Every structure is written in structure tokens, then in C-alpha cells.
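Peer 1: Make the full structure from the sequences, and use the hints.
The numbering used here applies: residue 1 is where the first sequence begins, and numbers increase by one.
FYI, nobody ran anything at the bench for these hints, they're computed from the structure.
These numbers were taken from a predicted model, which means no experiment stands behind them.
Glycine included, each C-beta is placed from N, C-alpha and C at the ideal position.
Watch out, some of these pointers could steer you wrong.
Claimed, not checked - The calculated lysine to any residue pairs, modelled on SDA-like cross-linking and capped at a C-alpha distance of 25 Å, are:
(1) K581 with A612
(2) K32 with E281
(3) K162 with D59
(4) K205 with K876
(5) K876 with K607
(6) K597 with K607
(7) K70 with P257
(8) K145 with N109
(9) K231 with R785
(10) K762 with E752
(11) K70 with R102
(12) K876 with A612
(13) K518 with R31
Claimed, not checked - What follows is a set of in silico ranges between Cβ atoms, one per label pair, in the way DEER data are often shown:
(14) N780 with G154: 48 to 56 Å
(15) R732 with T754: 24 to 32 Å
(16) E650 with G599: 36 to 44 Å
(17) G599 with G152: 41 to 49 Å
(18) D264 with L79: 28 to 36 Å
(19) G374 with P418: 21 to 29 Å
(20) K597 with S711: 45 to 53 Å
(21) R233 with A726: 46 to 54 Å
(22) T643 with G667: 17 to 25 Å
(23) G438 with A497: 42 to 50 Å
(24) E317 with F841: 38 to 46 Å
(25) G154 with G599: 46 to 54 Å
(26) Q234 with G667: 48 to 56 Å
(27) A834 with D133: 55 to 63 Å
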Amino acid sequence: MSGFGKGSHLHLIDGSAFIFRAFHALPPLTRKSDGLPVGAVQGFCDMLRRYIGRDHGRDAPTHIAVIFDKGSHTFRNDLYDQYKANRDEMPEDLRPQIPLTRRATEAFNIACQEMEGYEADDIIATLACRARDAGGQVTIVSSDKDLMQLVGDGVVMFDAMKNRVIDREGVEEKFGVGPERVVDVQALAGDSVDNVPGAPGIGVKTAALLLNEYGTLEELLDRAEEIKQPKRRQTLIEHRAQIELSKRLVQLHCETPIKFTLDDLEARHPDPDTLLGFLAEMEFRTLSRRIAEALGEEAPTIPEPTAPSDGERAAPEMPAIDPEAYVTIRDAETLESWIAEARERGYLAIDTETTSLDEMRADLVGVSLCVTPGAAAYLPLAHRPASSDDLFGSDALEEGQMDMEAALALLKPLLEDPAVLKIGQNMKYDAKVLARHGIEIAPIDDTMLISYAQHAGLHGHGMDTLSERYLAHQPIPIKEVIGSGKSQITFDRVPIAEATKYAAEDADITLRLWTLLKPELHRARVTRVYETLERPLVPVLKEMEMQGICVDRDTLSRMSNAFSQKMAALEDEIHELAGEKFNVGSPKQLGEILFDKMGLEGGKKGKTGAYATPADVLEDLATEHDLPARVLDWRQLSKLKSTYTDALQEHINPETGRVHTSYSIAGANTGRLASTDPNLQNIPVRTEEGRRIREAFVAPEGKVLVSLDYSQIELRILAHVAGIEALKEAFRDGQDIHAATASEMFNVPMDEMTPDIRRQAKAINFGVIYGISGFGLARNLRIPRAEAQGFIDRYFERFPGIRAYMDDTVEFAKKHDRVETLFGRVIHTPEISAKGPRAGFARRAAINAPIQGTAADIIRRAMVRMPSAIAGLPAKMLLQVHDELLFEVEEGATEDLIAVAREVMEGAADPVIRLDVPLVVDAGQGANWAAAH
DNA sequence: CCTGTCACG
DNA sequence: GACGTACGTGACAGGG
1 MSGFGKGSHL HLIDGSAFIF RAFHALPPLT RKSDGLPVGA VQGFCDMLRR
51 YIGRDHGRDA PTHIAVIFDK GSHTFRNDLY DQYKANRDEM PEDLRPQIPL
101 TRRATEAFNI ACQEMEGYEA DDIIATLACR ARDAGGQVTI VSSDKDLMQL
151 VGDGVVMFDA MKNRVIDREG VEEKFGVGPE RVVDVQALAG DSVDNVPGAP
201 GIGVKTAALL LNEYGTLEEL LDRAEEIKQP KRRQTLIEHR AQIELSKRLV
251 QLHCETPIKF TLDDLEARHP DPDTLLGFLA EMEFRTLSRR IAEALGEEAP
301 TIPEPTAPSD GERAAPEMPA IDPEAYVTIR DAETLESWIA EARERGYLAI
351 DTETTSLDEM RADLVGVSLC VTPGAAAYLP LAHRPASSDD LFGSDALEEG
401 QMDMEAALAL LKPLLEDPAV LKIGQNMKYD AKVLARHGIE IAPIDDTMLI
451 SYAQHAGLHG HGMDTLSERY LAHQPIPIKE VIGSGKSQIT FDRVPIAEAT
501 KYAAEDADIT LRLWTLLKPE LHRARVTRVY ETLERPLVPV LKEMEMQGIC
551 VDRDTLSRMS NAFSQKMAAL EDEIHELAGE KFNVGSPKQL GEILFDKMGL
601 EGGKKGKTGA YATPADVLED LATEHDLPAR VLDWRQLSKL KSTYTDALQE
651 HINPETGRVH TSYSIAGANT GRLASTDPNL QNIPVRTEEG RRIREAFVAP
701 EGKVLVSLDY SQIELRILAH VAGIEALKEA FRDGQDIHAA TASEMFNVPM
751 DEMTPDIRRQ AKAINFGVIY GISGFGLARN LRIPRAEAQG FIDRYFERFP
801 GIRAYMDDTV EFAKKHDRVE TLFGRVIHTP EISAKGPRAG FARRAAINAP
851 IQGTAADIIR RAMVRMPSAI AGLPAKMLLQ VHDELLFEVE EGATEDLIAV
901 AREVMEGAAD PVIRLDVPLV VDAGQGANWA AAH
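Peer 2: What follows is the structure in C-alpha cells.
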């Protein structure tokens, strides 16, 4: 092949970016034989594999290289000693992996370049310039904004994570100027990530504005006197030297003295022996297999370490997933042989197929089983013909299916056998469906929860996610089986052969995930979390959800009508005030009325360019104008009607006459439950009008609703974990905690406390739990930011332990990429070392998670113990609302229930954690939920 | 399908 | 006028 030139296409991969992304995106992984951390290497290899394997079309690389940073001292440090001085230390687990990524690149037979004293970005710039000058095309695989100055004239960037090409327009979108002006913008705006100073008070927006007016940075600086805004003018004149220095820092070096040529980067096929050898050495089983497949080679055998130190059996090598190999069970004899096999092994994976996602309405269609990876079967029970044009036969069952009752009678002893473990993905669903057929499945393991206990905060725990992540396999999408949208069919209309592939695959995948993930619980030190806080919750929630709560349709529908009338009246008024008719429910139209037509101040546009009209903005306007005030009233009614009085009626189950929510155990990263379909954890309570919705949640004749809720549980936990003696004492003395805080902060004696001072202290107390910021508190209290900051400063002065706790938590998160609750629940914080605005989010979330999570653990413990504690009472636990449990109790037994349930809840931390503060539970009862509060 | 809005703890 | 900020959720309506 001739040298690099026209028609050549050079791909330059930003190696460091790949490494960091791989490191932070993946759970920590160590080489089995010796514990060497290799997660980032694996991720790096997989990213390389995916990048070279993707369909580049006409842009396929003729030349390719991975460029790395080398050393930490570059010529930029000589220019400015603070350059990149704010970077955190490299995580300990990552350091030994860096040289391995170089070796990985070489193993892929991709050129691998680095140069002492220069950043990867400079080498990339130099190569890109040369390639462009030679008439070739360049793709820079990175999303680093520092590289955007290189875009244009045949050079584009590619963000491999977002799968997005960044061209000239992409750069303009980001910087407001073309690529040739990017350095000028950066010189002015500076960069907090690299610690480039720029001009104080000038950001990207302002910089772009100025440059678009003056053309170039030099022109701008020379003519700075002409700038109208005094502040900007002064900044530019005063900081000229600093701006010019910043430009030299961000300007990439196109003449890096590299010792190789473009031709050295020619794309080459990997040598299978070298590549597979390296992967085998790293013990990447799945990756070896996939790459061997792609190369048409035999995958290397990687010996399993014999007897790992913790005694766990290592995961067996599994055969490839093959939907053609699955069996359809059509008779008792075959079913019995599968049952026998499961009994022999002592476990099986199981999955039910139904006609709906709502377990309380879903009809059972079939059951799939898997006894060992690859050996899975589907037992169809209620499949019907796909087309319904056959007038008589359309609802008849398909031939070749076992009778449902007979099949379930055979399965029941197995599914209830305490000696056989039943493994599922989201087992609560299957347990509920089976319970409606008289089968109480137990004992169970749940791959969703096993993943959640280990990986909360890292990724979702749905089967598709887990399969792709841990098995490198994309399951058959349900859309391909039942379609979507209007043409969607129910699973009973899926032909049995097709259903077998889909359903049996699910069971197969579940079993594979279990063999991989279950042994890891131990290594991740979350076995107890899984065994005490996740797994036992499945049967408890199942019972609560199946029990449901009685909701009075007439009450709701009467309220709905009343809301309609009030809304119609308000709507007329609003149209009158606006002088025209418009859709009050459309923020876009409302914004145009308020800010364009009426010319009110404060209109801000969102991402889509439409006005945003959130409540706090309308509240400010409402002091002067009637229209926004009416809109606020209208919105409240609209919300209540659509979300509650109307939608709730649709959720009343026709068979039970009750509303059955579904709790997701692995939905919230902190350990909280989430309630869906309907969400019964956000029924209104804060306003009088909304609270009346709770009157529709009733106890049937002869029964009473009893509510027990933890008083200030999160603040109590904060007092304990941060070790704040004053707070602990206030709680021990049963004081009003917000008043006590106010007293301590503002030196006001308790007997002189005013509601307003108490309110401010309360806001600060909550703010602390959320990872307080002056801005947030100011907005919440509607006070100037400086005043809010003053409050916070005073708070930390009085409670220095709180600040220490917050700092320690963030430090822990940065070191370990996770935080933990008092009960050992792990919440990963992969963004904690992120740069830019995401850092603030991650920091606050990390501060909040141990507190919110510990509270969640405590109520989970109470819920797990509750059924046996109240077994002798005529009472049922119905709902959980984060710090509240709601029960339905026979009249006359309420006091007993309160006594027992309170004891369970107040003692829920025992005996694992001895809290320095008492847990206090308040109780109430009544004919409906409003009255029980 | 995404965004804005708002309900809860 | 650098940026964007309290934490965690889910449902509904509007609009492309």
C-alpha cells in the first residue's frame, strides 16, 4: 500500500479517556487467580473491540492509533505551575492497570503512542494536522472539549459513548463559535477541570458573545477599551496577561516532535495468538470467547483457579446461549423429567409468562424452567391462535399444551419444596402470579436483588441490562415477540415455538446471571444486606400488594366533579384576564401570554426554547397579578384531578375492589422502595384540598386504618452518624428538634421561639441532609443568598461535627467510589470524581445516601419482622411510605396492633446497630387515611 | 419519546 | 451574566 494521503482515514483514539471511562463505568473486577485489579483493562479492551468492530461505512480506518498521556510534567507546567494542579490522585486500583492498557493496545496490533513532556492531546493535534495536510480524513475518538479546536477540514470527533459525531456544528453548539475560535473562548472562559485561569467572571457564553463581536481574541484585547460593560472592560484590561497565558495553555501543539510517521499507523489485523494470549493472561473469559468468535478462532481455555480462598465455587464455563436448543414441554412425562432434574440439583431458574405487567390482572400463559446453563424449557399452558378471524375457534386453546391445572399440580410440590431453591429475575412478580394459582413459591433467590445489593448506583438491574453487562448477550427483545404500540399482542397470542425461544432464554439467562453474581455477594461484602434487607422483603411486599387498600370510588368521583367545575370557572377567569382563549395546561402558551403579551418579568426559556413557568415563578408574579394566581389554583386542581381522583379510579381492581400498588425493591439507589401503578407514596397531604384525597382511602366495615410513622428518622440518624452531642441530647429529651436547632443557632431561648425562626432552622436541618448549598437554602427560604450562606456558616460553627461528617463522607466516596449505610448497604457514586456541574450533584447525593439509605434499611428491617410479630392479631400491613407503615386492623384490636408494631419499628435497628438516639414512632387511627394521620 | 410540572418522604 | 445547585422518587399533559 502506498503512503498516507488522499483517501486515507486516520482514527485517533484518546486512550486516557477510554481508560477512565472503563474504570468508572464498570464494577471493580479482579483477576481471579491473584486478585490483580483488571476491570479497567477489561473495559478498555471491550471498548477497543467494539470500536474496531463497528460498521464505519465509508469512514473505515486505513490508519489507527491509540494515544496516551505520559508522565505528569509537560511544557504547560513550565508555563504555569498551577496547570492541572487541582486534579485528584489517580485511584489506587487504577494505577497498576495503566501499563496493561498499553499492552492491550499492542495485543490488538494497534499503534500505541505517547511522548514524555507532551499531552496526548498534542500528539493527536500533530497527527491530525499532518493527516489533514496530506489530504486524508481524521476521526478523533474522544469527547474532550479541549480537542474541539481541531475539528474542521476533514477532521471530526466521535463520542464513542454517546455514539455521536461531533463536527463543526457540534462545536458551534458547545462553544458558540467555530473550531478556529475555540481556543480564544477557552482562553477567556478558562477551564476549572484543567485549572486554566481565563478571565475572572467570564464564561463560555460571554466569551463567545465578545468574540463574535470583535472577531479574534487579539483584536478583542487590543480594543478592550471600547467595551461598554464596565466590569467586562476592566476584567479584560486587568487580566490581559493571564488571558494570554490561558491561550497558550489551551492551544494544542501541532509540532510535537514525534518519532514516527503516519505510515507507521497503518491499520493491521491483530495476530490471534498474541491477542487471545493476552486476554487469557488477563483471564477475560467472555471477552476471549467473543473475540475468538470474531476472529474465527478457538477460544483459549482459561483454567479455573482451584479452591478460591473464600471457598466459593468458581463460576463454571458456560455454553453459548442458543434459543434453538430450548425444549417445549407438552406432556406430563417430559415435565416430570425436568422436575426430577431440578430436584436432583437442588435449584432451578424459573420465569412466568403472562398477559399483562399488572400481576393482579395478569393471566398465566406459560412457565419456563432452566436447570443448568443452556438447558432450558418452556411449558406453554394458555396459548391461543394468533388471528381471531376464526369465529368459533379463536378463543380455544392451541393444541399441544398441558392442561394448566394438571401441570401446576405437578409443579406445586417442587415450587414449595424447602429443599429446592427457586431462582428468578424479579421474583415478586412470579410469586404473585403463582400465588393466584395457589402456589406459595419458596425458597427463592432473585438475580435482580443480587445485582442491586452489589451494584446500586452503577447501573440498572433489569434483565436486559444485566445480561448485556455480565453475559455480553442481548436477550430477544420482547418487542420482537409481541410488537409494540397499537399492534401489540398479548403473550398468549404468540406462537408456541417462538414463545419457547423467548421464555426459555429468560430462564437460561437468569440461571447464568445467578451463577455469576451470587458468589460475588460475598466478595462485595453485601451478603448480609441481601439476606436481611432484600430477599426477605419479597414475600412481605407480595402480601401487602396482594392485600391492596380499599379506595372509595364514589368519594373520588364526587371530588373529581367538584374539581372539574372549579377548573372550568378558573379557566374562564384566566381567559378573561388574558384577553384570549388558550390552553392553560400548556406552559409554552402560558409563558407567551405572561412574558410576551403581558410583558411580565422573569420569563426564562428551557432547553426547547419554550418558556418555563414553574410554580415558584408564578408565585412571585401572583403578588402583583391575578392571572398567575388563578393559574396556580388551576394547576393544583388539575394535578389532583388527573393524577389522583381520576387515575386512581382506574386502578381499582374489578375482582378485589381494592387498589394494588407495586413496590420496586431495586428502583431507588438509596435503598428506598418506589411505588408504581399507582404510586401510593405520593398521595397528597400537604395542602388541605389535597389531603381530602386521603379520605377516599378507607377501611372496610368493622375495620380501622392505623398509621405508624417514624418521627424525624433522618435527623436522628444524622445526629448518630455525625456524633452531634447537642442534637442527640435534644432527641433524648424529646425536644422539638427544629426549635432546639434554632435556639442553638440564633441564641433564642426555647420559650421565646417564634414560628418564623423555627421554620428557618427546619429548612436548614433538611438542607443539611440534602448536602446543603447557599443557593438551595436561599431559594427554599426565599432569602438573599448571602443571608442563607450566613445561616449555613453559623450552623457549621455551632455543629462542627456535621461539616466533618460531610467532608469525611465525600472523601470516603472519592477514595472508594461508594458510600455505605450503617447496615452495610453499598451505594456506588461513580460520578463523585466527575468534573463540572455533575460533581456538585454527586457530592450532595453522596452525603444524602448514607442517611436516607440507613432510614430505608431500618424500615425494611421493621417490615421484614412485622408479619410474624403481628401474626396473632387481626391486622394486615398495607402500605409503606418511606417512614410510615399503614395497617388495616379490626376494630378493637387497634391498641394491640399499635403496641406491637411500634415496638418492632422502634427496635428495628437492634441488635445490629446501637443508636445513640431513640427511634420514636407516632401512631394514629381512623376510618380513612386522612383521619389516621 | 422527551420535557416540564408537581405530588410525596 | 462562568456554570448550575438542595436528596430520593413516579405520573401526567403537552408537543414534536
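Peer 1: All the hints need checking, so say for each whether the structure fits it.
Peer 2: We went through each hint and held it up to the structure:
no., hint, in the structure
1, K581 with A612, "19 Å, holds"
2, K32 with E281, "11 Å, holds"
3, K162 with D59, "18 Å, holds"
4, K205 with K876, "59 Å, violated"
5, K876 with K607, "47 Å, violated"
6, K597 with K607, "21 Å, holds"
7, K70 with P257, "14 Å, holds"
8, K145 with N109, "28 Å, violated"
9, K231 with R785, "21 Å, holds"
10, K762 with E752, "16 Å, holds"
11, K70 with R102, "11 Å, holds"
12, K876 with A612, "45 Å, violated"
13, K518 with R31, "17 Å, holds"
14, N780 with G154: 48 to 56 Å, "52 Å, holds"
15, R732 with T754: 24 to 32 Å, "25 Å, holds"
16, E650 with G599: 36 to 44 Å, "42 Å, holds"
17, G599 with G152: 41 to 49 Å, "42 Å, holds"
18, D264 with L79: 28 to 36 Å, "30 Å, holds"
19, G374 with P418: 21 to 29 Å, "27 Å, holds"
20, K597 with S711: 45 to 53 Å, "49 Å, holds"
21, R233 with A726: 46 to 54 Å, "51 Å, holds"
22, T643 with G667: 17 to 25 Å, "19 Å, holds"
23, G438 with A497: 42 to 50 Å, "29 Å, violated"
24, E317 with F841: 38 to 46 Å, "41 Å, holds"
25, G154 with G599: 46 to 54 Å, "49 Å, holds"
26, Q234 with G667: 48 to 56 Å, "52 Å, holds"
27, A834 with D133: 55 to 63 Å, "36 Å, violated"
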